[in-house]
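*Asks:* Residue numbers (the numbering used here), protein chains in the order written: chain A, 186 to 773; chain B, 320 to 633; chain C, 181 to 478.
Each hint should be verified, as a subset may be incorrect.
As the list claims (entries may be wrong) - Some residues of chain C that are not near chain B, with every Cβ distance over 12 Å (derived):
#1 219
#2 363
#3 417
Claimed, not checked - Chain C side only, calculated, beta carbon under 8 Å to chain B, not exhaustive:
#4 214
#5 308
#6 309
#7 310
#8 312
#9 314
#10 317
#11 323
#12 451
Unchecked claim - Computed footprint of chain C on chain A; a stretch qualifies when at least three of its residues, placed anywhere within it, have a C-beta under 8 Å from a C-beta of chain C:
#13 492–505
#14 567–574
#15 676–686
Hints in this document: simulated from the structure, not taken from any laboratory. Note that CB positions come from ideal geometry on N, CA and C, so glycine has one too.
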Amino acid sequence: MGLSKNSISTLGQDGFSRRTLLRGVGALTALGALSPLMAACGSDDDEPGPASGTTENTPVPAAQATTPAEEPTTTDAGDEDDEGDPVSGGTLTFGEFSEPPIMDPRVSGATIAWRLFYNIFDPLLVQDTETGDFLPGLASTWEVSEDGLIYTLGLKEDVTFHDGTDFNAEAVKFTFDSILEPELKSLAAIGYLGPYDRTDVIDDLTAEVHFTDPYAPFLNNLSHSVLSPVSPAAVEQHGEDFGFNPVGTGPFMFQEWQQQTSMILVRNPDYNWPIGVYQHEGPAHLDQITINFISEPTTMLGTLMNGETDVIDAVQAQEVERLQADDNFQILLPTVPGSPQVLPLNAVKPPTDDLKVRQAIIQAVDMEAVVDTLWYGTRKAAQGPLSSPTWSYNPVVETMYPYDPDAAGALLDEAGWTMGSGNVRQKDGENLHLIYITTGGSNGQAGELVQAYLLQAGFEVDLQILEYAATASLMLAGEHNIARIYFSHTDPVVLTTLYHSRNIEGTNFNRTMKPDDTLDEMLNDATSEMDVETRRTIYEDIQEYVMDEALIIPLWEETVLWGARAGVKGLHFQPLGGAWFYDVWLEQ
Amino acid sequence: MLQYIRTRVLLTIPVLLGVSLLTFSILHLIPGDPARILLGDMGGGAAAGDTSDEAYQNLREELGLNDPLPIQYANYLGNVAKGDFGRSFQTNREVRDSILEVLPYTLQLTVVGLGIAIVLGGILGIIAALNRNTWIDSITMVFSLFGLAMPSFWLGFILIQLFALRWTIFPSTGTEGINTLVLPSLTLGLVASGVVARLVRSTMLEVLGQEYVTTARSKGLSERIVILRHALRNALIPVVTIVGLQFGGLLSGAVIIETVFARRGIGRLAVEAVLRRDFPMVQGTILVAALGYVLVNLIVDLSYAWLDPRIKYR
Amino acid sequence: MARRVTAGAPPMELRATQARNRRKDFFYSLLRTKAALAGLMILSLMILAAILAPLITHYDPIVISPPDRTLPPSRDHWLGTDGFGRDIYSRVVYGARVSLPVGLIAVSIAASIGAVLGLVAGYFGRYADAIIMRIIDIMLAFPSIMLALVVVAILGPSIRNVMIAVGISEIPRYTRLIRGQVLSARELLYVEAAKVIGVPTSKILVRHILPNVVSPVVVLGTLSVGSAILAAAGLSFLGLGAQPPRPEWGAMLADGRQFLSSHWWVATMPGLAIAITVLAINMFGDGLRDILDPRIRT
């Protein structure tokens with residue numbers, strides 16, 4: 186990318202203009218709630234969180250001081266002020282940003298698929314986003330052995346799959362066992378089974394799930410759609426094509442899927458086993474849901490405005506305020522728990538192998554301003570490795586690295602990087618050079634903003650905005666100083682995915698690149714700790730440790746930017762931001 | 320003639336083989352491991368709760384990525400010969416089914432778009448040629464050039480703004496029904512009409528300057544007959560050329576328009592497959608596009624013979 | 181492929197002998213063609229603006245200033261500001277330094293490689309011809325946007341690689357054109373004569389064949405500078421173009437599209453810059469074609 190650097194200088198930029206930036210920053214903070222409309226959005230990366238199970242996730246009504254939104258960003262922004270009684274009938278047209286590759290919960294790794302699964306498949310458990318309690322899904326009772334090795338599930342009676350076959354303990358066993366088959370190529374579910382050993386069918390309605398090691402996150406995992414039971418008969422019948430003929434027990438039945446265009450779900454008329462979060466009995470209100478896949482964000486909003494869609498899940502941030510002011514529309518912004526968007530710092534590659542440099546990087550960037558610029562108050566700056574609605578979130582991280590360019594400068598001075606000519610810091614004749622690898626869309630734009638602050642602090646930043654596939658190889662090779670990752674999850678076990686040394690190679694979700702025994706040990710303990718409060722404490726410590734080590738620059742907490750026609754009632758949201766369409770009805 | 324056709328058909332085989340080899344080589348040069356990309360969900364919220372390296376290795380094995388390259392290629396060729404294009408890494412769907420499902424929509428878009436281009440471009444071209452070097456010529460040419468000069472995605476967005484948002488006459492997205500075809504095909508047609516207009520104009524001028532036309536004129540034939548009988552038939556040649564080019568570039572031309580209008584089609588299928596390193600899908604779409612190109616060009620070359628008796632084949 | 185005897189373009193007889201005369205009335209004809217002149221003037225202005233960019237703008241095209249974002253056109257910001265508060269006028273002017281070379285360099289790559297391949301294939305025929313034309317057939321059959329896409333994917337997205345990608349995908353057009361011209365030139369009497377009296381091949385190629393090839397290549401080249409700029413813009417739209425914060429017109433347009441319904445100027449200004457440039461190039465190219473093509477000279 187040397188060329189791009191050259192060009193910047195040929196363009197007459199004599200270093201980063203301090204005045205412009207400071208002016209910008211001052212005004213931004215002053216503005217607080219930003220009114221005008223602007224950039225961001227677009228690209229798969231904005232694809233917000235999926236639906237998944239939950240832990241005792243308390244949906245902290247995310248402190249949204251800067252949100253112009255009238256409705257606070259909560260995980261359950263449901264229309265409490267529904268006027269009138271629900272009406273049955275009608276087709277809801279849903280504009281969705283990305284298309285699920287495959288509709289087999291056991292296989293799919295795509296967040297959009299996870300969200301849609303909940304409509305076709307019922308999870309075994311479900312979590313109340315208000316209280317954090319687990320509620321019955323297809324399992325009405327559950328019990329965990331003291332050693333954390335056996336989970337016993339008591340199943341609901343008289344539940345049938347869409348193909349008419351019975352749901353029972355055999356189906357649970359079949360689902361779990363089949364996930365482990367290598368030919369299935371499970372992407373997500375296999376990870377949610379943890380150290381799974383086997384399932385014993387005790388009787389028709391009782392299943393015992395055995396693990397080889399104590400596995401604390403499993404209740405949470407059971408509430409994730411990827412572990413929802415599938416119809417064994419249908420799997421038998423469709424074989425490899427089950428993913429295009431999904432059969433579950435959910436309130437909607439899969440009817441048709443036109444690749445690249447739409448998917449049609451129709452009401453399951455026999456449905457009378459609503460899971461714990463549902464707000465009524467019997468079949469769903471809607472006759473049909475038509476999901477239109479609209480991958481171009483500019484086009485997407487237009488479809489809501491002109492009535493082509495009733496509800497969309499990727500409103501452009503700069504348009505949110507306009508829609509909120511319009512009585513014909515409603516805006517709902519559930520925040521997604523798990524890891525926020527973060528920029529992992531490579532802790533083995535110079536100069537970010539130096540703790541002081543990493544700390545300076547975090548303090549040099551006014552993330553509040555960056556996030557406001559990008560998201561117009563619809564998303565808030567992240568503070569640590571977990572986003573605030575995640576269970577065990579530790580607010581201590583919020584005060585660890587306030588924006589302080591002077592402190593950042595002092596840290597760099599201490600580390601031996603002194604200001605050289607052209608506003609670039611140097612040590613032993615070498616420039617303070619960072620390679621920042623990220624993807625396009627809002628992440629690329631965030632890159633431009635973060636780069637601006639880092640240049641200001643005396644870094645030389647080679648920002649490389651690449652397609653995802655290309656970033657993946659570079660990050661695996663550890664070419665980066667600054668990378669990016671985002672991982673939604675309702676359980677803090679997501680920290681294992683992002684910071685355990687075993688995920689440096691292979692999946693490369695740990696992009697800090699540095700094996701850390703202390704961290705590994707804490708993460709292992711937390712995974713097998715069955716006492717809820719002890720487990721919470723360990724995760725709080727882990728969050729603090731990650732920030733002590735300055736392993737990431739937290740960016741923003743993901744929210745799903747839902748927009749709907751005013752006549753769409755009863756929208757409420759899955760823990761990871763998808764909609765429960767079961768309770769949705771259309772005002773006549 | 321038959322001999323010629325047979326040779327041409329036989330010649331497509333090395334071309335298609337070459338295309339498949341080129342595709343295969345390129346795919347293995349591009350950085351990006353399909354297995355890791357599957358696990359990573361394109362940088363959005365990601366897949367595995369806690370995926371082990373084991374799961375990743377299993378994925379590579381199951382996708383056949385651990386086999387030596389020549390074996391992978393040989394396997395692929397063998398399967399293609401049997402009509403099996405493999406299953407998509409991303410969707411696990413038969414690549415053949417996916418392509419066959421969306422291909423008709425790209426064809427629709429192309430045919431209607433080309434129709435618009437030919438009619439509009441043809442009229443503009445003829446008007447310009449008949450009024451050569453007058454202001455009418457300049458205006459028509461500048462107009463047709465403007466369509467040619469606009470990035471197609473910009474034109475698409477402008478049409479959406481006007482016809483789908485300001486006046487909700489046509490839908491901005493979708494694939495079902497004739498309504499959804501209007502804006503995308505208009506975008507394609509406006510862009511391509513510039514090319515057609517220019518070609519028609521220059522061919523007309525060329526023909527009008529030819530001896531036989533001059534002869535025809537000097538024989539006292541009316542201008543109308545001269546134009547219809549002699550000039551127009553020749554003006555068809557560039558039209559055929561452009562049809563060939565556009566159809567040949569079927570996939571290329573459709574990619575951006577399909578993306579803008581969220582329309583299903585093989586162009587989007589191909590681009591998304593490249594971005595997701597979905598090897599079987601990339602190979603399948605490129606092979607189909609190449610096959611289309613080769614066939615259309617064969618037809619185009621043959622139609623030259625019909626249109627222009629001076630052209631002979633041996 | 182077809183041995184398309186005398187297909188399409190009849191041999192351009194008299195070309196070489198008339199060369200000197202033509203040069204004389206070249207400029208006269210050019211001036212006569214008003215559209216071409218207008219195109220040339222617009223292009224000259226663009227090039228001038230690109231050269232003088234620092235003198236005729238007073239904002240840095242790269243430095244962001246969020247509080248000034250999406251300001252409408254005004255006396256301060258003639259074309260408004262973009263989503264990061266950058267002055268669009270400055271970015272469009274500096275963008276000419278990026279986008280104009282993209283077109284020129286991509287075409288130079290395509291034309292020079294295409295010329296070599298076409299000359300060799302056309303003049304030597306036989307195996308060289310067969311091999312080269314099969315390769316060209318393969319390249320043609322390979323969808324051009326996919327070719328550009330994978331080249332960028334392999335080399336990484338940058339403006340340089342966009343030039344290479346677009347350039348490579350245009351090679352076949354030039355090879356075919358030049359081969360065709362060479363084939364017809366080879367049959368010319370004086371070339372035959374030169375061969376008979378033992379003039380070295382290289383000399384024949386340079387002296388006698390090349391001049392016949394130059395003008396159609398110039399015409400095609402001029403016209404395809406425009407299409408190369410558009411192709412680069414298309415790659416930017418697909419997210420594989422120039423790296424931000426470079427003010428490349430296609431990338432500016434693609435980034436600006438999110439504001440289409442609320443702040444029209446953000447996308448419209450770079451869009452117009454592209455359209456006007458390509459229009460000017462095409463007007464100029466059309467004029468060139470009229471002049472350089474003796475068949476339609478009156």
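*Asks:* Hints first: check each against the structure and report whether it holds.
*Replies:* Okay, the hints, checked on the actual structure:
no.	hint	verdict
1	219	violated, 9 Å
2	363	holds, 14 Å
3	417	violated, 5 Å
4	214	holds, 7 Å
5	308	violated, 16 Å
6	309	violated, 13 Å
7	310	violated, 10 Å
8	312	violated, 13 Å
9	314	holds, 6 Å
10	317	holds, 5 Å
11	323	holds, 4 Å
12	451	holds, 5 Å
13	492–505	holds (count 3)
14	567–574	violated (count 0)
15	676–686	violated (count 0)
Comparing the model with each numbered hint stated earlier shows that hints 1, 3, 5, 6, 7, 8, 14, 15 do not hold.
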